[in-house]
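Student: Residues per chain are reported as follows:
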Amino acid sequence: MSDPGGGRSLRGWLDSRYQITPLIEFLRHKEVPKGQHSMVWYYLGGTTMFFFMVQVVTGVLLLMCYQPGEATAYESIRYLTTKVPFGWLMRSIHCWSAHLMIISLVAHMFSTMMLKAYRPPRELTWVTGYILFALTLGFGFSGYLLPWNKLAFFATSVGTDLVKSVPVVGNWLLQVLRGGPDVTANTLYRFFALHVVILPLAFMALIGIHLLFVQRQGMAPPLGAKTAPRGMKFFPSFALRDVLLWLFCFMVLLVLAVFLPYGPGIPGMDWELGQKADALAPAFPGIKPEWYFLWEYQLLKEFPPHLFGLEGPQLCLLVVTLLLAIWAVIPWLDRQAQRDEPSPGFSDFGWGAILFLTFLTLKAWDIGATENVASAASIKIISRTCAWWTLGAGAAIIGVRVLIHGHRWFFLTGAALLHVALHGLFGLSYLAAGAIAAILAGACVTANLLRNDGIKANAGGAR
Amino acid sequence: MSNNTSAQKKTRRSFLDFLLGASSVAWLASVLYPVIRYLKPLPRAGAVGPTRLTREELAKLEKDHFVIVPVSGKRVLVLRNAAQEVLAVDAKCTHEGCTVQYLAAESAIWCACHNARFDLDGRVLSGPPPRPLPKYAAERQEDGGILIVAERRQNE
Amino acid sequence: MKTFSLIVYQLVCIAALAIAAADQPAAIAPKLAGLLAAQGKEGKPVISPEQRDYFEGLNDHIKGLLNNAAETEIITRPDHLSSILALGLRPQKMEVFLQDNCVLCHTDPEVQKPETLFSITAVSNTSPAHLNLHDLVDDVHFRRGLSCAGCHGGDPASDKLEHSFVKEWPGTGRDKNRGWVLSFCARCHSDSTLMNQFNPALPTDQLAKYKNSPHGKLLLETKDPRAPDCVSCHGVHGIRGAKNPLSKIYPKRVHETCGACHANPATMAGLTLPDGSLIPTNQLAEYRASVHGRALLERGDLGAPTCNNCHGNHAAMPVGLSSVSQSCGLCHAGNASLFDGSKHKQAFEAHKWPQCGQCHGHHGIAKTRDSMLAAGPEALCTKCHQQYAKDHPECNASAAYFHTSITQMDQAWNGFGVTAEQLAMKGLDVDAIQDKLNELADSLKQSRSHIHSFSKNGFERVALPGEKAVQSISSLIQEAKAEYRLRQLGLVASIALIGLVMLSLYLKLRRLEG
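Chains as they are written, first to last, in this note's numbering: chain A, 154 to 616; chain B, 425 to 580; chain C, 85 to 598.
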């Protein structure tokens, strides 16, 4: 294939004009860290990107038929899914791929977090990834409104309402987001612009940066590896495995799209077109946002209307902002990972976060509800059922960590489980239980830190 | 002996390459086929479907002065009044959902279920219906066809 | 310069004070102020904050009237003032109220006995219902300025205690023989010149109609004290128009108003129909369970009929034999005209049967069921025909044909409806099916209606499109199912291809690495 002359082959032709040889050499020697650890986590970024590419392709196709507008949005999607050949397939794939992308993204985020891939020199990779996550949620929220059906209309009304609680600029933000005081066709136009132009441009830019970082620095090796371990060549080994996985994902998408064209029927994961939005009709009973927003929706419901002189939603927003801010600067908080030492504290933090989100999401789904879902008695039962499920999951996680990884540090996971138990099993209010758990956790962590002068790694060389 | 195995290896290798290539092409074709079918627009209506009346529907309109036409899941009554104008209202009575009809002789829209009467703009003249009939915009085309565009609001 | 600016400054100050002074609200006279500030038991003010707010919001004219009333000592007690303010009346009504000494006196708890005191709530258990102050100010006559004196006579501006009733108001024996109430109300309501001054759209023939009705005859000829007069249905002090939901004659309350007598066996004891049988008292119970009663009372459909729609208001009488289908036919026009053109009409007239009522009942009209046609226990046709029309055996065949045809269409409609939903859940396009289902539903409704023609030909004509629709739907469903199978096939083929690619990729990978 390579012609010593350099001018007859395609590669030679390109090289003599653009000097692509260094690039090709770089790619040929690119390696993925490989050792005793499982490599499965290294694929998750790729699957997320794959699902995103599916979104772009199906999105462009849908864009050819969709017409935003009060009188045309719903009708055009109806037309698309009933009359246009394979239109049902394009919409179905687009909706499924959105959810699968978010699932993949969450798995990618938590796996990089547990593996401490954010430690230096890869802090900015974490930050760009964080922004990409936010953009993806923006995609989900803006895209949800576009069919202009009853479900989308009310979900958007309820969701954008939260923005009012931002101090100082709340009302301005609400009007800018909605294109007016209420959700109207103006909201539709803005969300359409967001979904189709603004967010894609931002996403492309950020993913370019994110991938550039990954290419320049290589994928993160596991903790504690003194030198770069022997790796798996990216081309062809890892790349072909990647393609294999993507083909499998594509197959899963197709099966889901054909057999469950409107989603699995779980509330928050259901995109049947239903009826057209009607601003004058009363709100949906039992309306819920999409599943990835359920935790925040439930958390809002746990706050009383007024607390500590602030309005409930404002305080909730403050708490959530604080938590998200902490999550964003983890690379700078995790000193032990910076020193390339095992950081069980932050792993525990990650698992604690997962349990925290799990409980709220389960509760938002009214797991265990009785006949009259909204009654106080029913809410107690729901809290209790979800608490048991979360405790079970927590026990399983702790068991696995102790037995397989030999972890010993469980203060934050313990706090999350205590919170859930106090609220669901002993009937304390969510906030009171949370405060108690947080204070206890803070005390234990501080005591532990002072005693041990740092969160020591435990026996077994765990992460 | 080594020649044989290396020859076998070569044929196996080229067979595998062929398999990979052929299956990839076939798969790509199976992906492109729906996309290409999707992209070709349908003959009858535009993207949203301002609905065009079929020839049978037009004939019925001429004969009976009105015809009921399906428009994206709803039923629309298209009528031709005494001044030969074409008007369109929703065909579902707002009382209990029966299908209304146009009485040309009385220049009114009538529901047989409970004797409700509407004027040609859909407003209730008598009988139990609580709300007027939603209106649709119907336009005559140059080629004689009739197009029903989306719903109009009552006060337009 | 300095003195000039000083002068300007003083002029400006004076001007501001003058403007401010002009804006001062009218001063509250001392007596009224005293009432407003009065404190009751435990030192709490008698006039509540809401009433105070209401008072502050009144315009000067009304405040002046209140001042007047306090100064002339017509309002002397704080609780009297409190009950007036608590009404929260609009200025127009407040003006009528405050210039009417009758009302002002009769709301004063100091001078009135419980039998003559108008109050917001019952003062004691013995306070009669017609002395409710809320009702009084809501009364349609009061609103138009026709307050106490308009009916009871006397001069509202006078503060002397004299009651000179109008001549139609008899001095004694008012409760025994209530016939006087009719001429009392009619002195205005039958006078079209007078009524034109207030509401030209109101009819003025109520008395004439009433005199012709059984109610009228019972009161005026038989002189039965149980008979209803104007007040029985319209009330006395809180008379509201029929469109007001609180009115006794609001469509959703008419059945209670009529039922107050007609559903009470004690009240109706001894009263008979023209044929000598006792008037039944089960109509209200039947109506509540009927399709009309449930539409009106449970679903709130104001288009549904109540007592007066069929029986009339002032000329209320049993629906005459020949006019039953006229009355049902006001809404059910199609069925009535089909019936009138059918051979059943003459047959029913010959037997003196109430047309619609014979099969559907009168007050307890239930939702029609297809089983009324069949040969089972609910069958209506066969029962009568066996008794009265033995010489028309072909009718049994017609009835059976109606029944079969309709039940087949009905079953098809239900079954196909479920199937269409299932197909829609699978993501298939069911628009054409839904349209044909609508056609089937239309045909079904028309067929059920055409039973009233009792003619096989007429029925066949409207049932035929339905049967055609059933065929179309069947084939459309088959097409949709075939489309779904095609999709599944496409999926399997795609999966096979993907699997093949994956396999060859895997083998290639193994070769590259092995």
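Read the hints as simulated data drawn from the structure, not as lab findings. Keep in mind that a hint or two might mislead.
Stated by the list, open to error - As a list, the in silico DSSO-like pairs of lysine-lysine whose alpha-carbon atoms are at most 30 Å apart:
(1) B/Lys464 to C/Lys510
(2) C/Lys552 to C/Lys529
(3) B/Lys487 to B/Lys498
(4) C/Lys177 to C/Lys429
(5) B/Lys487 to C/Lys540
(6) C/Lys510 to B/Lys516
(7) B/Lys498 to A/Lys236
(8) C/Lys552 to B/Lys484
(9) C/Lys592 to B/Lys498
(10) C/Lys565 to B/Lys464
(11) C/Lys510 to A/Lys303
(12) B/Lys498 to C/Lys510
(13) C/Lys451 to B/Lys516
(14) C/Lys529 to A/Lys429
(15) A/Lys187 to C/Lys436
(16) A/Lys429 to B/Lys464
(17) B/Lys516 to A/Lys429
(18) C/Lys467 to C/Lys565
(19) C/Lys552 to A/Lys236
(20) A/Lys236 to B/Lys484
(21) B/Lys433 to C/Lys592
(22) C/Lys540 to C/Lys552
(23) B/Lys434 to A/Lys386
(24) C/Lys540 to B/Lys484
(25) C/Lys327 to B/Lys516
(26) C/Lys510 to A/Lys236
(27) B/Lys498 to C/Lys565
(28) A/Lys183 to B/Lys433
(29) A/Lys183 to C/Lys592
(30) A/Lys303 to B/Lys434
(31) C/Lys592 to B/Lys487
(32) C/Lys529 to B/Lys434
(33) A/Lys386 to C/Lys592
(34) B/Lys433 to A/Lys386
Student: Next, verify each hint and record whether it holds.
Tutor: Hints, one by one, checked against the model:
Taken as a hint, the B/Lys464 and C/Lys510 pair is honoured in the structure, with Cα atoms around 24 Å apart against an allowance of 30 Å. Annotation: proposed proximity of C/Lys552 to C/Lys529 holds, straight-line Cα distance about 15 Å (limit 30 Å). With a C-alpha separation of about 23 Å, the suggested pair B/Lys487 and B/Lys498 falls inside the 30 Å cut-off, and the hint holds. Straight-line distance between C-alpha atoms of C/Lys177 and C/Lys429 comes to about 56 Å, which puts the hinted pair past the 30 Å bound.
For a cut-off of 30 Å, the pair hint linking B/Lys487 to C/Lys540 stands: about 26 Å separates their Cα positions. A hinted pair counts as satisfied when its Cα atoms are at most 30 Å apart, and C/Lys510 with B/Lys516 qualifies at roughly 27 Å. This hinted pair checks out: B/Lys498 and A/Lys236 have alpha carbons roughly 15 Å apart, not beyond 30 Å. About 18 Å separates the Cα atoms of C/Lys552 and B/Lys484, which keeps this hinted pair within 30 Å; it holds.
Between C/Lys592 and B/Lys498, the direct Cα distance comes to roughly 55 Å. Violation of the 30 Å bound is thereby established for this hinted pair. Between C/Lys565 and B/Lys464, the direct Cα distance comes to roughly 24 Å. Compliance with the 30 Å bound is thereby established for this hinted pair. Between C/Lys510 and A/Lys303 the CA atoms are separated by roughly 20 Å; this keeps the pair inside 30 Å, and the hint holds. About 21 Å separates the Cα atoms of B/Lys498 and C/Lys510, which keeps this hinted pair within 30 Å; it holds.
Distance check on the hinted pair: C/Lys451 and B/Lys516 sit about 21 Å apart at the alpha-carbon level, within 30 Å; holds. Between C/Lys529 and A/Lys429 the alpha-carbon distance is near 28 Å, which keeps this suggested pair within the 30 Å criterion. A hinted pair counts as satisfied when its Cα atoms are at most 30 Å apart, and A/Lys187 with C/Lys436 does not qualify at roughly 101 Å. Of the supplied pair hints, the one linking A/Lys429 and B/Lys464 holds, its CA atoms being roughly 27 Å apart against a limit of 30 Å.
Distance restraint check for B/Lys516 and A/Lys429: the Cα-Cα separation of roughly 17 Å lies within the 30 Å cut-off, and the hinted pair is therefore satisfied. Taken as a hint, the C/Lys467 and C/Lys565 pair is broken in the structure, with Cα atoms around 45 Å apart against an allowance of 30 Å. Taking the CA atoms of C/Lys552 and A/Lys236, the gap is about 25 Å. The hint holds against a cut of 30 Å. Restraint check for A/Lys236 and B/Lys484: satisfied, since their Cα atoms lie roughly 25 Å apart, inside the 30 Å limit.
Taking the CA atoms of B/Lys433 and C/Lys592, the gap is near 13 Å; set against the 30 Å cutoff, the hint holds. For the given pair, C/Lys540 sits about 18 Å from C/Lys552 by alpha-carbon distance, which is consistent with the 30 Å threshold. Of the supplied pair hints, the one linking B/Lys434 and A/Lys386 holds, its CA atoms being roughly 24 Å apart against a limit of 30 Å. About 26 Å separates the Cα atoms of C/Lys540 and B/Lys484, which keeps this hinted pair within 30 Å; it holds.
Restraint check for C/Lys327 and B/Lys516: satisfied, since their Cα atoms lie roughly 27 Å apart, inside the 30 Å limit. Taking the CA atoms of C/Lys510 and A/Lys236, the gap is near 15 Å; set against the 30 Å cutoff, the hint holds. Distance check on the hinted pair: B/Lys498 and C/Lys565 sit about 23 Å apart at the alpha-carbon level, within 30 Å; holds. Restraint check for A/Lys183 and B/Lys433: the C-alpha separation of about 29 Å stays at or below 30 Å, so the hint holds.
Between A/Lys183 and C/Lys592 the CA atoms are separated by roughly 20 Å; this keeps the pair inside 30 Å, and the hint holds. With a C-alpha separation of about 62 Å, the suggested pairing of A/Lys303 with B/Lys434 is violated against the 30 Å cut-off. Between C/Lys592 and B/Lys487, the direct Cα distance comes to roughly 71 Å. Violation of the 30 Å bound is thereby established for this hinted pair. Between C/Lys529 and B/Lys434 the CA atoms are separated by roughly 77 Å; this puts the pair beyond 30 Å, and the hint is violated.
Between A/Lys386 and C/Lys592 the alpha-carbon distance is near 15 Å, which keeps this suggested pair within the 30 Å criterion. For the hint linking B/Lys433 to A/Lys386, the alpha-carbon distance of about 24 Å falls within 30 Å, and the restraint holds.
In this structure, the hints that do not hold are numbers 4, 9, 15, 18, 30, 31, 32, in rising order.
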